[in-house]
Structure formats: C-alpha cells, structure tokens
Amino acid sequence: MTDAADEHRITVTVNGEPHAVEVEPRLLLVHLLREGLRLTGTHIGCDTTNCGACTVLYDGTPVKSCTMLAVQADGHEITTVEGLGSLSELDPVQEGFTIEHGLQCGFCTPGMMLTAKALITNNPNPSEEDVRWGLSGNLCRCTGYQNIVKAVLWAAAKQHGHVAETNGQGTTVSGRT
Amino acid sequence: MYPPRLRYVAPKSLDEAFAVMAEYGDDAKVLAGGQSLVPMLKLRFASPAVLVDINGLSDLAYHRAESDGSLRIGALCRHVDLERSALLPDRYPTMAAAAPQVADPIVRNRGTVVGSLCHADPQGDWASVLLALNGQVVVAGKDGRRTISVADFVVGPFQNSLAAGEIAVEASVPAAKGTPYGSYLKLERRVGDFATVGVAVAIETSGLQISRAGIALTGVGPNTIQAIEAEQALIGQALEPDVIARAAGLAAGAARPRSDHRGSAEYKRHVVETFVRRALSSYRLAVPA
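Protein sequence lines correspond, in order, to chains R and P. Residue numbering for the first sequence follows this note's numbering, starting at 1 and increasing by one per position. Residue numbering for the second sequence follows this note's numbering, starting at 1 and increasing by one per position.
Hints may contain errors.
[To be verified] In silico EDC-like links for lysine to aspartate or glutamate, alpha-carbon gap of 16 Å or less:
hint, chain 1, residue 1, chain 2, residue 2
1, R, K158, R, E100
2, P, K12, R, E100
3, P, K29, P, D53
4, P, K42, R, E24
5, P, K12, P, E83
6, P, K142, P, E23
7, R, K158, R, D91
8, P, K42, R, D47
9, R, K158, R, D74
If you're looking for bench data, these hints aren't it; they were derived computationally from the structure.
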C-alpha cells in the first residue's frame, strides 16, 4: 500500500534538461534514468556495486547510479552517455572509442566513457597507469581493456590538443608535449 | 534488486537529524556515502523505516590537522578526499597508504571513512587502519557527544556501539609523538573484491628506536584483529631484521583466517607475515645528523 506522503517531488537535471518527477524514496537513480526517463544507455550489470556499468556523472563526478537513490539527485546535475555528445559532434571520448575500437559488446561502454570523461577532464595528460587505475571501477568482460585504454588516451590527446602521432598501422598514439 | 519501502528525510541541520533519529530510534539509518548501505538495502539485509540523509550537512565535509597534531575526519569526508589530500603522506602515512586502496575509484567518490567504520564490515580497510593508529570516533546525539575508541566502537561483524538516536560525526587519529611511518598492504584478487588479506602498520620512532607500534589485520578473522603481541615486540627496539622477523611471526600468529576460495588459512597467515615484514623493512628512518 503506497502512502502518497511517501512520494517525493524532485527536480533532476539530466543532460542539461530539468525533469520534475515524483518518486518513491527507495527508487534507485539508475531506475529513474532507465525506466522513468527512458534513457537506457545506462546499464545494470551486477547487483553488487562492482561492475560500474551504471556509472553516470553526478555534478561531474562519476558515481554508480545503482547505488544511489533518485531522491539524492534532487537539485543536482546528471550526465548520462546520451549527454556526452551528438552524432554531428561526437565527444572526444566517443571518437576515441570509435577510432581505437574500445568496445566489443558495448555493455560496459557507457560507464567506461563517463568515467573516462571525468578522468581526462581532471587529468589532461594521463599515463597508461593513470587510465588503468582510474577505470578500475568499471569492469569489462570482452576486451581485456587494451583498446579501452588506447581509446581513453586518444580522447585525452584530442580533448587537450596534445600532439597525436600515428604508429604507421592506422592507429593513433598519444604524444606528450 | 531494489530497496524495501522506506521513508526518507534530508535534514538541513544536525539538530534536525537528531530529532528524526530520536523519533524513529532503532528504525532509522543514517545515509552518507551509501556505498555499503544501499547494497544492503537492495539485498534486503537492512530494512529501516527511515533513511536520514546527512549529505546536506556540508559542515561535516572536512578533514584537517588540529593544532595538537591530531587528524580529524568529518562524517562527510569521502575516501577520495583523503586519497587526494596533501596533508596525509608525511604526517599520517598509514592513512595515505590506505585511502587509494579502498574499494574502487567510483565508490571512493561517495563512500565515507566514518560510514565505513559504522558499517563495521570485518573486511573493511579503515577499521584496521584506525585500530593500528589508536583512532577514535566522536558520536553525537540530542543529549551531547561522546568519544569512543575504534576498538570499542567496532564491536562485531556489522555491529557498532552507536545507541539509538546517535550519529557518528567524526573519526580522529591522535597526534604522533615520534616520527610516524606507516603502510597499508592489501592483497585482493581484483579491485573491488574483498581483501584476501590486509595489513595496517603504523609505527613511531624516536631516533632509531620504535616508540609506538600499531599492527592491525583485515580479512583474517571474524573481525579486524589487533596484533598486540607483535606490537609489543617492537617497542624500544631498532628496525633490525631479527626484530622485524619476530614481529611478523607474531602478527601471523594473531591471525585467525578461514580457508576459502581466496586462499587457505595457511596461505593467508603467510601473507600476513610477508606484509608485516615488507612494511617494516621499507621504512628508511630519518635520523638527525
């Protein structure tokens, strides 16, 4: 039996757009995004807060949206993978994952990309170790991470205008200025 | 899957929080980082009537060194705040060593040190660190505050000594009297897994002698274990190989691990011994000329 007094009216800004919704306190943020707002780019990959497939940006900071309540997003800004860029203007992270083939099945990819976005924004010149460490909250079962790391390094180079070199095999390699 | 029905309050002041906690008693749970509590709610291991979300109490988001040299960590200090802190490496090296190893980077963005102590998971890293450092927890309610040693605060698996209506508002580490050295060594099969073995070492030296020693073990018993005999074997000694070896052996003896899919009990004891030896052997004592 739902007590109407238990529902909370909240306003969450998602990808720049404010949404006024009524939610039960127990509604998880990931369920608000996927089922309430039909933004299904955010995925649910585990039930144990391990996999990071549900990662979104909460005021610019990566959080696991399965481990947050929707009511906690009241008055805050959420970025999902849908908010990263557009078809006509891809975000450097999206470009990097394309060019460096940073995905196979794609299930972990939205979470990876959002964590990567925050990583390269806060650390403009990450080393490979920085990237591997920074992504250690996002699990991938397909790729073995190699191309994901390359994709993130590519994106950092693109976003911050480092010198990018090709290695002669059609793959770009981030240079260091 | 998802939490049971509950109420939710986001108080704007500690007094407001105390009022809600007093009203609901044992049926209220504090929500800070939520990185342990929300998973428990989703598994229906916890079923509070009300969640008291303290994330709006920004006055609790601090960590600082007091003038007396103690380290104070507010209830909303996140693991990542300590990971990035320039204050820790020189003055509180065990804390600095542990912070980057808690959970994973995304969980560290939200989870809190104080919350971790309250959750009292026997696999939790901070309880070992604070135990090795002789840390304390400040607990507050509408009737005032009290300070509890971490040893007395974490009383059993997932059991703390908070009374109904109380909120843990701060953790603290006493000032070092000597020169501090410390490590947190953690073996895990992958990032985010429970520790197979974790070892917190915190020593202070006076000249070339050890004046204080704290050694605490994660994941090798029903609770965090303080290796008291190993600590006592170090006091007044120099960091010589035989002293280190003896302390490492005593620490391994204090462990009470279970054999499981992470390793046999014998293996885990061996890791404890190795980690204590590795930590103590790594310190390069700065001796005045």
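The hints, checked one at a time:
no.: 1; hint: K158(R) to E100(R); verdict: 13 Å, holds
no.: 2; hint: K12(P) to E100(R); verdict: 47 Å, violated
no.: 3; hint: K29(P) to D53(P); verdict: 9 Å, holds
no.: 4; hint: K42(P) to E24(R); verdict: 14 Å, holds
no.: 5; hint: K12(P) to E83(P); verdict: 27 Å, violated
no.: 6; hint: K142(P) to E23(P); verdict: 11 Å, holds
no.: 7; hint: K158(R) to D91(R); verdict: 10 Å, holds
no.: 8; hint: K42(P) to D47(R); verdict: 8 Å, holds
no.: 9; hint: K158(R) to D74(R); verdict: 33 Å, violated
The earlier numbered hints that this structure contradicts are 2, 5, 9.
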